[in-house]
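With chain A fixed as given, assemble chain B onto it according to the hints.
These protein sequence lines are chains A and B, in that order.
Heads up, the first sequence is in our numbering, so the first residue is 1 and it goes up one at a time.
Heads up, the second sequence is in our numbering, so the first residue is 1 and it goes up one at a time.
Among the hints, erroneous ones may be present.
Unchecked claim - Below, a sample of chain B positions facing chain A; criterion: calculated Cβ distance under 10 Å: (1) L216; (2) S258; (3) P260.
As the list claims (entries may be wrong) - Here are the simulated BS3-like cross-link-like pairs (lysine-lysine), alpha carbons at most 27 Å apart as the crow flies: (4) B:K268 with A:K203; (5) A:K89 with A:K9; (6) B:K8 with B:K202; (7) A:K89 with A:K12; (8) B:K202 with B:K91; (9) A:K241 with B:K268.
To be verified - Okay, the calculated bits of chain B under chain A, using three or more residues with CB under 8 Å as the criterion: (10) 181-195; (11) 239-251.
Everything labelled a hint here was simulated from the structure, so no lab data went into it.
For every residue, glycine included, the Cβ atom is placed at its ideal position computed from N, Cα and C.
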Amino acid sequence: MNSVLLEIKGLKKHFTVQSGFLSGSRGIVRAVDGVDLQIYRGETLGLVGESGCGKTTLGRLIMRLEDPTGGEIFFEGENVFEYSGERLKVYHRKVQLIFQDPYSSLNPRKSAGGIIGEPFIVHNLANKKEREEEVVRLMGVVGLSREQMGRYPHEFSGGQRQRIGVARAIALRPQLVIADEPVSALDVSIQAQILNLLRDLQKDFDLTYLFISHDLSVVEHVSDRIAVMYLGKIVELAERKTFYENPLHPYTRVLLSAVPVPDPGRKKERIVLSGDVPSPIDPPAGCSFHPRCPNRIDICDKIEPKLIDRGKGHLVACHA
Amino acid sequence: MQPLLEIKNLRTYFETENGTVRAVDGVDLVVNEGDTLGVVGESGCGKTVLALSIMRLIPMPPGRIVSGSIIFDGVDLVSLKEEEMRSIRGKDISMIFQEPMTSLNPVFRVGDQIAEVIRLHQGISRKDAMDRAVEMLGLVGMPSPGDRVGDYPHQMSGGMRQRVMIAMALSCNPRLMLADEPTTALDVTIQAQIIELIDKLKGEVGTSVVMITHDLGVIAEAAQNACVMYAGKVVEYCNVGGLFSTPLHPYTTGLMESIPRGTGGYLKTIPGVVPSLYELPSGCSFQDRCPDVMKICREKEPQLTEKSSGHMVRCWRYI
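Here chain A stands alone, though its shape is the one from the complex:
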């Protein structure tokens, strides 16, 4: 296996919120609540979970867009949260983000060429002529034509806009790209085009991906390893094959059985959960999944299960 590129240790991010309208009572949202995770060089790590499970916050913490409440992140062995000034800038060159919504993540007042060229200006890396050459090259790489350089975001379709976002993210030759739901706003036929593009780029530029998504079939398609998050914690982590053939955590099994399969002949056993994801403001005691869990045992509402290796890097946090 390759070397570790990014290592997360005991990472926590709690937000303070006003829970009452006038009462002023305060609550704490445990968006990320003790995450340990390693990302290996050259792999695609899929991160799945339902809305509100903290997967986007985790991505933002890695990008240093949020300050943690506790814990550490090491990139190539260095503590990311100790970076400042020039070293932080260098880190931001190595780690980039692709956003979910190609409509709101591009400045509507900048042309496509301006958007893709901006990282070079921010990091003061190229003069005007070099920058233009780079922009033309990047547009070619992501499948846009040179003539489209002067056009503005509103003149592009959703898929093309996402290509601009991808070009911007890879402009400075990053090592790690965090793709936060990069295809969930796109139609199926366009989604396939972008997934193929991301695969090509990974090969050509030796990229490592953290691929955040709620769509298990997309994650299965792109990932080498998959991690499942529930209420701010990783509950299962495994290689793709193991994950889909032998999921161990009851929540993972529920997620997998809930995906609608495009095959009407296949009648499958579906585990339908009752209830919603509990509020992260006041998560249940013990295992946070126990109120919805179909295989609950006595200990589950008292003691929180640890993430334990069940062999060959298959980590599960469950008492059963």
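Quick look at chain B alone, frame taken from chain A:
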């Protein structure tokens, strides 16, 4: 058997500054009593405008039902006066929208919003209507419905709001329910709950459903018949088994092949993008993205033709 809903040659156009948008351009469909018809297509293919046309909720102007008929239970909805339509809408035909947050009124309690529909159509007292609202919330699986009727929409999660929408849609035992992407804004576990719920209620209340979605997986699980729409037209129409076992139209096969199925490697894609509805090419509107395009495709538009028993397709390869 007399179909519950029969749409013939429906055309809904929008007049805009840039020209005429042919959002629905000659659609023929049938929904039988007790069935679920799935309507699949990508954004901009006209599936929502189709549902709004059936509900007669197209903003006019700029929109306009140019031609065609929508026969519901023997009555042509297109020719009805607005007052007559109002007594059908919400009672005999109801609709669930995609975004449960924006389709509920934020300043009224959910119980009042459900009770309003019931009072309007059944003319019962406020108290009886509220009792019925509680009953409906219980039916759609809302925990402690007696307390939740007093909640405002913002106090509920997305899945709960969608249940309120379904409770409202079913409160007058409609004969037809139009569900426009009812699970798209929801997480998979909640989506599974809602699909099961719609299926269960269909059995209990006896409602027929038109399920509009971009997700072929949802169609496979929830519908008996399906039609695929592209650029305002139905390009393929058959039972769900036939659609998945022998898809005929190159657009349908393209859609099926672009779904990631965990096999790794490259996905097949449909090249290009959906054409602008302002400037549709003459001939088949799929011609520029079609892998098997022929000369005739660029010249003449194909008609929806029956290829095998009950399997309709709009493509020159099969004519």
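Here is how each hint holds up against the structure:
{"no.": "1", "hint": "L216", "result": "4 Å, holds"}
{"no.": "2", "hint": "S258", "result": "4 Å, holds"}
{"no.": "3", "hint": "P260", "result": "3 Å, holds"}
{"no.": "4", "hint": "B:K268 with A:K203", "result": "18 Å, holds"}
{"no.": "5", "hint": "A:K89 with A:K9", "result": "22 Å, holds"}
{"no.": "6", "hint": "B:K8 with B:K202", "result": "25 Å, holds"}
{"no.": "7", "hint": "A:K89 with A:K12", "result": "23 Å, holds"}
{"no.": "8", "hint": "B:K202 with B:K91", "result": "15 Å, holds"}
{"no.": "9", "hint": "A:K241 with B:K268", "result": "22 Å, holds"}
{"no.": "10", "hint": "181-195", "result": "holds (count 8)"}
{"no.": "11", "hint": "239-251", "result": "holds (count 4)"}
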